[in-house]
Amino acid sequence: GAVVSQHPSRVICKSGTSVKIECRSLDFQATTMFWYRQFPKQSLMLMATSNEGSKATYEQGVEKDKFLINHASLTLSTLTVTSAHPEDSSFYICSARDPSGRNTGELFFGEGSRLTVL
Amino acid sequence: EDQVTQSPEALRLQEGESSSLNCSYTVSGLRGLFWYRQDPGKGPEFLFTLYSAGEEKEKERLKATLTKKESFLHITAPKPEDSATYLCAVVSGSNYKLTFGKGTLLTVNP
Numbered sequence: 858g859a860v861v862s863q864h865p866s867r868v869i870c871k872s873g874t875s876v877k878i879e880c881r882s883l884d885f886q887a888t889t890m891f892w893y894r895q896f897p898k899q900s901l902m903l904m905a906t907s908n909e910g911s912k913a914t915y916e917q918g919v920e921k922d923k924f925l926i927n928h929a930s931l932t933l934s935t936l937t938v939t940s941a942h943p944e945d946s947s948f949y950i951c952s953a954r955d956p957s958g959r960n961t962g963e964l965f966f967g968e969g970s971r972l973t974v975l
Numbered sequence: 017e018d019q020v021t022q023s024p025e026a027l028r029l030q031e032g033e034s035s036s037l038n039c040s041y042t043v044s045g046l047r048g049l050f051w052y053r054q055d056p057g058k059g060p061e062f063l064f065t066l067y068s069a070g071e072e073k074e075k076e077r078l079k080a081t082l083t084k085k086e087s088f089l090h091i092t093a094p095k096p097e098d099s100a101t102y103l104c105a106v107v108s109g110s111n112y113k114l115t116f117g118k119g120t121l122l123t124v125n126p
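Protein sequences appear in the order of chains A and B. Anchor point for the first sequence: position 75 equals 932 in my numbering, and the numbering is continuous, going up by one each time. Anchor point for the second sequence: position 86 equals 102 in my numbering, and the numbering is continuous, going up by one each time.
Check before you lean on any hint, since a few could be wrong.
As the list claims (entries may be wrong) - Using 27 angstroms as the maximum straight-line C-alpha spacing, the simulated BS3-like pairs for lysine-lysine come out as follows: (1) A/877 with B/113; (2) B/113 with B/79; (3) A/898 with B/85; (4) A/898 with B/118; (5) B/84 with B/73; (6) A/898 with B/79; (7) A/877 with B/58; (8) A/898 with B/75; (9) B/113 with A/921; (10) A/912 with B/113; (11) B/58 with A/921; (12) A/898 with B/58; (13) A/923 with B/118; (14) A/921 with B/118; (15) A/877 with A/921; (16) A/898 with A/921; (17) A/912 with A/898; (18) B/73 with B/85; (19) A/898 with B/95.
Unchecked claim - What follows is a list of derived Cβ distance ranges for each label pair: (20) B/75 with A/875: 36 to 44 angstroms; (21) A/884 with B/77: 39 to 47 angstroms; (22) B/70 with A/873: 38 to 46 angstroms; (23) A/916 with B/24: 25 to 33 angstroms.
Bear in mind the hints are in silico, worked out from the structure with no lab data behind them. Where is the CB? At the ideal position from N, CA and C, for every residue including glycine.
Using the sequences provided together with the hints, build the complete structure.
Encoded structure:
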């Protein structure tokens, strides 16, 4: 199946610093990527939809100035957590839909990035 | 608003002991129901997509079924390597946003 790569897999940072997470589709071009956040024993919560060449669409309650999303190319989207605080510690997961796939909504997920803010 | 409820939250089985996981959903215009497997510290891995009531799909020891209100993931003669969290998600409307359930943590003991 399609492959989505996420980097870094783990990151620890100090409070107040910014952290960038990359999401790449390795064998297909993704015009749309999605960023999720997952707390322990909780559902994946959609944060935003990343659209290549345009602004991201954020879900209600997600601070767009806090979570900056850039989709600069058809294979790369980045999520920057700005001025991170301990409450931002979470598991962040990206996903992308292979537009050539016939299955509506079938998404391929990255391996996830665990952010710990001290 | 789409809602997905999975039960049980956790399930322990002995190797070879078959069982089923449940996913109940409330959506306006279901476009697809998805099952994913998630291992600890990893992203979800796609298993199945179901589109209409009555549809069934199989993969190795797993079989997914769909009705108008719920989906079941049947696990036949499970092995320890089947241990994982199984997530159910739905898509409705014209976008590709998935709404996930909280998952069922399956543990298969040897």
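| residue 912 of chain A paired with residue 113 of chain B [C-alpha distance capped at 27 angstroms] | holds (17 angstroms)
| message | For a C-alpha distance cap of 27 angstroms, please report whether residue 898 of chain A and residue 95 of chain B respect it. | response | holds (23 angstroms)
| said: Checking one constraint from the list: CA of residue 113 of chain B to CA of residue 921 of chain A, max 27 angstroms. Satisfied? | reply: holds (18 angstroms)
| query | Taking 27 angstroms as the top limit, are the C-alpha atoms of residue 877 of chain A and residue 921 of chain A close enough? | reply | The hint holds at about 14 angstroms.
| 27 angstroms limit on alpha-carbon distance, applied to hinted pair residue 898 of chain A and residue 58 of chain B | Cα-Cα ~13 angstroms, so holds.
| task | With a cut-off of 27 angstroms on the C-alpha distance, tell me whether residue 898 of chain A and residue 85 of chain B pass. | result | holds (24 angstroms)
| query | That 25 to 33 angstroms hint for residue 916 of chain A and residue 24 of chain B (C-beta), does it hold up? | reply | holds (28 angstroms)
| query | Given the proposed pairing of residue 58 of chain B with residue 921 of chain A, does the C-alpha separation stay at or below 27 angstroms? | reply | At roughly 25 angstroms apart (the allowed maximum being 27 angstroms), residue 921 of chain A and residue 58 of chain B satisfy the hint.
| request: Take the C-alpha atoms of residue 898 of chain A and residue 118 of chain B, compute the straight-line distance between them, and say whether it is at most 27 angstroms. | output: holds (7 angstroms)
| message | Just to be careful, I want the Cα atoms of residue 898 of chain A and residue 921 of chain A compared with a cutoff of 27 angstroms; is the pair within it? | response | holds (25 angstroms)
| query | Given the hint that residue 921 of chain A pairs with residue 118 of chain B, does the C-alpha gap stay at or below 27 angstroms? | reply | This hinted pair holds, its Cα atoms lying about 25 angstroms apart.
| said: Looking only at beta-carbon atoms, does the pair residue 70 of chain B, residue 873 of chain A fall within the given range of 38 to 46 angstroms? | reply: violated (55 angstroms)
Violated hints, in rising order: 17, 21, 22; the structure is consistent with all others.
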